[in-house]
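J.: We have chain A already, so just place chain B on it with the hints.
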Amino acid sequence: MHLDPFELHEPATVEEALELAGTLSGKFDYLAGGTDLLPNYKMHINLRPHLISLERVSELRGVSSNRIGAMTRLAEVEESPDLSRAYPGVAEAVREVATPLVRASGTVGGNLLLETRCFFFNQTYPWRQSLGFCLKADGDRCHVVPQKERCYATFSGDLAPALAALEAEVEVAGPSGRRRMPVEHLYNAAGDGILRLSLVPGEIVVAIHFPESARRARSAYTKLRVRPSFDFPELGVAAAVWGAAEAPEKVRLAIGGLETYPRRFDEDTDALAGAPLTDARVRTVAEAVTRRVRPVHNTFLPPDYRRRMTEVFVRRTLSRVRAPNGSVAA
Amino acid sequence: MASRPLRTRVNGTALERTVPDERILLDLLREDLRLTGTKRGCDLGTCGCCTVLLDGRPTLSCLTLARSAEGREVTTIEGVTPAEGLHPVQRAFVERGATQCGFCTPGFILTSVALLRDHPHPSREEVARAISGNLCRCTGYTKIIEAVLAVGGGK
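Line by line, the protein sequences are chains A and B. Start counting the first sequence at 1; every next residue gets the next number (our numbering). Start counting the second sequence at 1; every next residue gets the next number (our numbering).
With the rest of the complex left out, here is chain A:
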């Protein structure tokens, strides 16, 4: 598979990149690690004539204990002992992304902005043409939920739930300046598989910032997939718990791989604060969360199975982090 010609731009600063983005408005994609974008380009999915590579923008690099630059390779995060110690849930999520080879190129920002995925979208041009193009690329209908309005492509990043559970923030730079927001606000809960982000055109993810409190949390990430390597999450559950198991200050749960955006479940987990995280209380939350999620049939495993596994994985993940040693008196 060869790439169609495009013009590559290699800005050295965020400001240069934004200026290019303004000039090339609507005719470009940002290129980070390329492990998601270039396969799609090879399959002739949503091509643009210009690519703005962020590889040479040094401000987007680097890992410290409270910041990860957006262009940091996933392998670099994996190799950072400080970060792994401080945020075990993030370390677990990073280690589960694709393969070591993909993580050598793939970036933190790229994983957050991963294109949503679907059986009927991640296919070659002739494959898609033979069935009839879909809403998300070249067409006007959805093959998953037959209608012509909404795209159901699934958000399949592993990092977003892990970061959202720890209440991490994302810093973005755009034409009208810089702003920070909670990681989960990067995604458009009112959108769909196409209108999946809250970013305005041209905005760049600069870095992830961890609040001081994230270091005090116990965190974990559990991923459902068919093969223990390469596969995208069919379900990814991240949990974080602050405080003693007998009376946690706060519990956060975030889930990816099921819907068009990674989602947090504060309305369910807020009830867990202040009382022992017993099996019964964990189960109640797991059941409540499972009732809310709405996977569709556009990934490898059937949606009913993924929904039932949501309950199991929420229980498992919360059980792993509810106490320093994983157990709590009933």
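Warning: the hint list may mix true and false statements.
[As the list claims (entries may be wrong)] Partial chain A-side listing against chain B, Cβ under 7 Å, derived:
1) Phe6
2) Leu38
3) Asn40
4) Glu96
[As the list claims (entries may be wrong)] Which residues of chain A face chain B? A few of them, derived with a C-beta cut under 8 Å, are:
5) Asp4
6) Glu7
7) Leu8
8) Thr35
9) Glu55
10) Ala86
11) Pro88
12) Thr99
13) Pro100
14) Val226
15) Phe230
[As the list claims (entries may be wrong)] SDA-like mimics (lysine to any residue), calculated; alpha carbons at most 25 Å apart, straight line:
16) A:Lys42 to B:Arg4
17) A:Lys42 to B:Gly41
18) A:Lys42 to B:Leu44
19) A:Lys27 to B:Met1
20) B:Lys143 to A:Val200
21) A:Lys42 to B:Leu135
22) A:Lys42 to B:Asp43
23) A:Lys27 to B:Leu35
24) A:Lys42 to B:Met1
25) A:Lys42 to B:Thr18
26) A:Lys42 to B:Lys143
27) B:Lys143 to A:Lys27
28) A:Lys42 to B:Arg40
29) A:Lys42 to B:Arg34
30) A:Lys27 to B:Cys138
31) B:Lys143 to A:Phe230
32) B:Lys143 to A:Ser229
33) A:Lys27 to A:Val200
34) B:Lys143 to A:Pro228
35) A:Lys42 to B:Arg17
36) A:Lys42 to B:Cys42
37) A:Lys42 to B:Arg137
38) A:Lys42 to B:Arg30
39) A:Lys27 to B:Leu44
40) A:Lys42 to B:Glu31
FYI, nobody ran anything at the bench for these hints, they're computed from the structure. We put the beta carbon where it would ideally sit given N, CA and C, even for glycine.
T.: Frame of chain A; chain B shown alone:
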């Protein structure tokens, strides 16, 4: 169609040539330089057959723009193979029967060479983890893991 000059090093030799912006490193190696030891498998980053070392790190050349090699060192299977005989990892693959059709072998060798450079005595689990981005459809991995462990002095 945009192109620009690329200055890089391939297997220890300086290379300067004009490449189109959309040129993929794999095509630069195979089509332009005729270094056909690097294989095109899935071409989508799934199989690891196109693995090369970029500044020493195993990298998917099918998902890397040639431009990304600017000012860096690319090592392919041709660069690992000595003028005569075999690299110790290659020899171990032969002796342990870790190669059958051989298509995935260059990728496995490069991944293993980098692993053994950083961790000269890896455990079985470390080997399995390191090669988890390289697909082999013939051997079932047992012989490959044994070969890498043998180089590292393990069993």
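J.: Against this structure, judge whether each hint is valid.
T.: Taking the hints in turn, this is what the structure says about them:
1. Phe6: This hint holds: phenylalanine 6 of chain A lies near chain B, its Cβ roughly 5 Å from the closest one there, short of 7 Å.
2. Leu38: Cβ of leucine 38 of chain A sits 5 Å from chain B, so the hint holds.
3. Asn40: violated, 9 Å
4. Glu96: Since chain B brings no Cβ nearer than about 11 Å to glutamate 96 of chain A, farther than 7 Å, the hint is violated.
5. Asp4: holds, 7 Å
6. Glu7: Where the cut-off is 8 Å and the nearest Cβ of chain B is about 4 Å from glutamate 7 of chain A, the hint holds.
7. Leu8: holds, 4 Å
8. Thr35: Given a least distance of 5 Å, the restraint on threonine 35 of chain A holds.
9. Glu55: Hint holds; glutamate 55 of chain A Cβ to chain B Cβ min 6 Å, cut 8 Å.
10. Ala86: violated, 22 Å
11. Pro88: violated, 18 Å
12. Thr99: For threonine 99 of chain A, the interface hint holds, since the closest Cβ of chain B sits about 3 Å away, which is under 8 Å.
13. Pro100: At about 5 Å, which falls below the 8 Å cut-off, the nearest Cβ of chain B leaves the hint on proline 100 of chain A intact, so it holds.
14. Val226: violated, 13 Å
15. Phe230: With Cβ-Cβ at 6 Å, under 8 Å, it holds.
16. A:Lys42 to B:Arg4: Distance ~21 Å between lysine 42 of chain A and arginine 4 of chain B Cα, so the pair holds.
17. A:Lys42 to B:Gly41: holds, 14 Å
18. A:Lys42 to B:Leu44: holds, 8 Å
19. A:Lys27 to B:Met1: Holds - the C-alpha atoms of methionine 1 of chain B and lysine 27 of chain A are around 15 Å apart, at most 25 Å.
20. B:Lys143 to A:Val200: At roughly 51 Å apart (the allowed maximum being 25 Å), valine 200 of chain A and lysine 143 of chain B break the hint.
21. A:Lys42 to B:Leu135: Given that 25 Å is the threshold and the Cα spacing comes to 20 Å, the pair holds.
22. A:Lys42 to B:Asp43: holds, 8 Å
23. A:Lys27 to B:Leu35: Since the Cα atoms of lysine 27 of chain A and leucine 35 of chain B sit roughly 35 Å apart, the hinted pair is violated (cutoff 25 Å).
24. A:Lys42 to B:Met1: holds, 17 Å
25. A:Lys42 to B:Thr18: holds, 22 Å
26. A:Lys42 to B:Lys143: Violated: lysine 42 of chain A and lysine 143 of chain B sit about 34 Å apart, past 25 Å.
27. B:Lys143 to A:Lys27: Violated, at roughly 49 Å.
28. A:Lys42 to B:Arg40: With a Cα-Cα distance of about 13 Å, the restraint between lysine 42 of chain A and arginine 40 of chain B holds, given a limit of 25 Å.
29. A:Lys42 to B:Arg34: holds, 22 Å
30. A:Lys27 to B:Cys138: violated, 44 Å
31. B:Lys143 to A:Phe230: Answer holds: lysine 143 of chain B to phenylalanine 230 of chain A is near 21 Å, not above 25 Å.
32. B:Lys143 to A:Ser229: OK: lysine 143 of chain B and serine 229 of chain A at ~19 Å, within 25 Å.
33. A:Lys27 to A:Val200: holds, 15 Å
34. B:Lys143 to A:Pro228: Answer holds: lysine 143 of chain B to proline 228 of chain A is near 19 Å, not above 25 Å.
35. A:Lys42 to B:Arg17: With a Cα-Cα distance of about 24 Å, the restraint between lysine 42 of chain A and arginine 17 of chain B holds, given a limit of 25 Å.
36. A:Lys42 to B:Cys42: Judged against 25 Å, a Cα distance of about 11 Å means the pair holds.
37. A:Lys42 to B:Arg137: Answer holds: lysine 42 of chain A to arginine 137 of chain B is near 24 Å, not above 25 Å.
38. A:Lys42 to B:Arg30: Since the Cα atoms of lysine 42 of chain A and arginine 30 of chain B sit roughly 18 Å apart, the hinted pair holds (cutoff 25 Å).
39. A:Lys27 to B:Leu44: holds, 24 Å
40. A:Lys42 to B:Glu31: Between lysine 42 of chain A and glutamate 31 of chain B the Cα gap is close to 17 Å, so the pair holds against 25 Å.
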